[in-house]
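Quick note, the sequences are listed as chains A and B, same order.
Using the working numbering, the first residue of the first sequence is number 1, and each one after it goes up by one.
Using the working numbering, the first residue of the second sequence is number 1, and each one after it goes up by one.
To be clear, the hints were calculated from the coordinates, so they are not data collected in a lab.
If you're wondering where the values come from, they're calculated on a predicted model, not measured in any experiment.
Using N, Cα and C, we set each Cβ at its ideal position, and we do this for glycine too.
Treat each hint with caution, since some may be false.
What the hints assert, rightly or not - Distance ranges between label pairs, derived from CB positions:
| no. | chain 1 | residue 1 | chain 2 | residue 2 | range |
| --- | --- | --- | --- | --- | --- |
| 1 | B | Lys38 | A | Tyr129 | 23 to 29 Å |
| 2 | B | Asn130 | A | Thr115 | 26 to 32 Å |
| 3 | A | Leu146 | B | Asn81 | 43 to 49 Å |
| 4 | A | Ile44 | B | Ser14 | 17 to 23 Å |
| 5 | B | Pro25 | A | Gln150 | 56 to 62 Å |
| 6 | A | Pro131 | B | Gln134 | 41 to 47 Å |
| 7 | A | Gly119 | B | Trp19 | 37 to 43 Å |
Claimed, not checked - A few chain A residues that don't get close to chain B, going by computed Cβ distances all over 12 Å:
| no. | residue |
| --- | --- |
| 8 | Thr6 |
| 9 | Ala11 |
| 10 | Val36 |
| 11 | Leu37 |
| 12 | Arg39 |
| 13 | Phe45 |
| 14 | Asp76 |
| 15 | Val89 |
| 16 | Phe92 |
| 17 | Leu93 |
| 18 | Ala96 |
| 19 | Trp118 |
| 20 | Lys153 |
| 21 | Val154 |
Claimed, not checked - A short list of chain B residues far from chain A (calculated; beta carbon distances all over 10 Å):
| no. | residue |
| --- | --- |
| 22 | Arg5 |
| 23 | Ile6 |
| 24 | Cys17 |
| 25 | Ala20 |
| 26 | Thr23 |
| 27 | Asn35 |
| 28 | Asp58 |
| 29 | His72 |
| 30 | Val78 |
| 31 | Ala85 |
| 32 | Gly106 |
| 33 | Pro117 |
| 34 | Leu121 |
| 35 | Ala128 |
| 36 | Asp132 |
| 37 | Thr137 |
Spelled out from the first residue to the last, the chains are:
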Amino acid sequence: MPDLLTHAAAAHLAARRWFPRPAAILFTVGTMLPDVLSRPFYIIFPALHWWVMPLHTPVGIALVCWLLAGLFRREDRQTVSLALFAGAVFHFLLDAPQQHVAAGYFWLFPFSWATYEWGLWWSEDSVPYVPLVVLLVAVVEFFIYLRARQREKVKQVKAKNL
Amino acid sequence: MSITRIITGLIALSLICAWAHYTCPYPELAQIVANPTKYSGQRVAVFIEARITAQTADGFILNQRGTPLQVHADMKNVPLNEFVAVAGIFQPPNSLYADTVHLAQGRRWKMAVSVIPVLALIFLLPLALNFDRQTRTFTLRRNASFYLFCLFSFL
């Protein structure tokens with residue numbers, strides 16, 4: 001995985017573009033889920049590695065999203081589970097280009113232990129670019145803010161002219 | 001939240017977690033060292049939370065959960081206490097002739113950096129959700145994305 005900050009920042013930018021506002025936060029939460037549910041446990045307790053590994057697979061995270069969606073109102077559940085799962089899939093997309101010495105990501109678990117990854121970079125390679133990623137998010141947010149302000153001004157001018 | 005959903009979900013999750021633990025094809029170092037004849041001459045990998053504990057003439061000694069392994073890798077000046085992943089041919093009692101070595105330098109930074117969005121989420125997610133005590137369900141607040149925006153603004 002890239003670091004979680006890069007995951008979250010990328011998800012934030014994607015959510016800004018593709019998701020309606022209430023679902024955007026769930027998309028970002030979904031992006032964090034695979035790492036949040038697995039990494040801390042096996043970093044602190046390495047013996048748990050294979051116990052929590054399924055929570056970083058599509059099937060495992062789909063179950064978690066389905067469970068979490070149950071915490072919401074009945075009419076929101078489908079949106080919640082879809083937004084969370086879409087976030088998780090986005091996470092897996094960012095993980096796919098990495099390489100590992102052994103045991104990469106088990107996309108087909110529990111049906112197969114086959115792993116597939118593009119092997120372009122190591123998981124720690126994203127860390128030096130974190131400031132750049134945060135800056136990118138800030139710049140995008142700033143441009144969105146400027147554009148919204150400009151639109152508001154145009155609206156005001158039009159209203160005055162009318 | 002229905003009890004059926006909770007029980008079904010938790011049972012399914014427990015089953016796949018147990019399945020992963022009992023069927024994983026990657027033995028841990030302790031298992032490998034405990035069965036030297038089984039793994040002798042075979043290609044194995046040690047990659048879960050293994051750290052370098054000492055430098056040797058032609059490599060280093062790593063430690064995974066208290067089990068040491070001498071790695072022959074033709075490497076000089078390896079950073080001590082650094083996370084490492086190795087793969088190679090195992091030779092009893094506890095040597096490995098590595099063909100692949102990855103020093104995970106920067107992993108601690110990665111962990112530290114990854115804590116930031118988690119902490120932000122812990123503080124900001126409750127602000128983005130409403131809890132209805134009558135139905136015992138959550139609803140998203142209308143301005144939820146504002147809090148998400150805050151999350152990145154303060155970073």
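Hint check results:
no., hint, result
1, B:Lys38 <-> A:Tyr129: 23 to 29 Å, "violated (43 Å)"
2, B:Asn130 <-> A:Thr115: 26 to 32 Å, "violated (41 Å)"
3, A:Leu146 <-> B:Asn81: 43 to 49 Å, "holds (47 Å)"
4, A:Ile44 <-> B:Ser14: 17 to 23 Å, "holds (20 Å)"
5, B:Pro25 <-> A:Gln150: 56 to 62 Å, "holds (57 Å)"
6, A:Pro131 <-> B:Gln134: 41 to 47 Å, "holds (46 Å)"
7, A:Gly119 <-> B:Trp19: 37 to 43 Å, "violated (27 Å)"
8, Thr6, "violated (8 Å)"
9, Ala11, "violated (10 Å)"
10, Val36, "violated (6 Å)"
11, Leu37, "violated (10 Å)"
12, Arg39, "violated (7 Å)"
13, Phe45, "violated (9 Å)"
14, Asp76, "violated (7 Å)"
15, Val89, "holds (18 Å)"
16, Phe92, "holds (16 Å)"
17, Leu93, "holds (18 Å)"
18, Ala96, "holds (18 Å)"
19, Trp118, "holds (16 Å)"
20, Lys153, "holds (21 Å)"
21, Val154, "holds (23 Å)"
22, Arg5, "violated (5 Å)"
23, Ile6, "violated (7 Å)"
24, Cys17, "violated (5 Å)"
25, Ala20, "violated (5 Å)"
26, Thr23, "violated (8 Å)"
27, Asn35, "holds (18 Å)"
28, Asp58, "holds (19 Å)"
29, His72, "holds (16 Å)"
30, Val78, "holds (15 Å)"
31, Ala85, "violated (4 Å)"
32, Gly106, "violated (4 Å)"
33, Pro117, "violated (4 Å)"
34, Leu121, "violated (7 Å)"
35, Ala128, "violated (5 Å)"
36, Asp132, "violated (8 Å)"
37, Thr137, "violated (5 Å)"
Violated hints, listed in ascending order, are 1, 2, 7, 8, 9, 10, 11, 12, 13, 14, 22, 23, 24, 25, 26, 31, 32, 33, 34, 35, 36, 37; each of the other numbered hints is respected by the structure.
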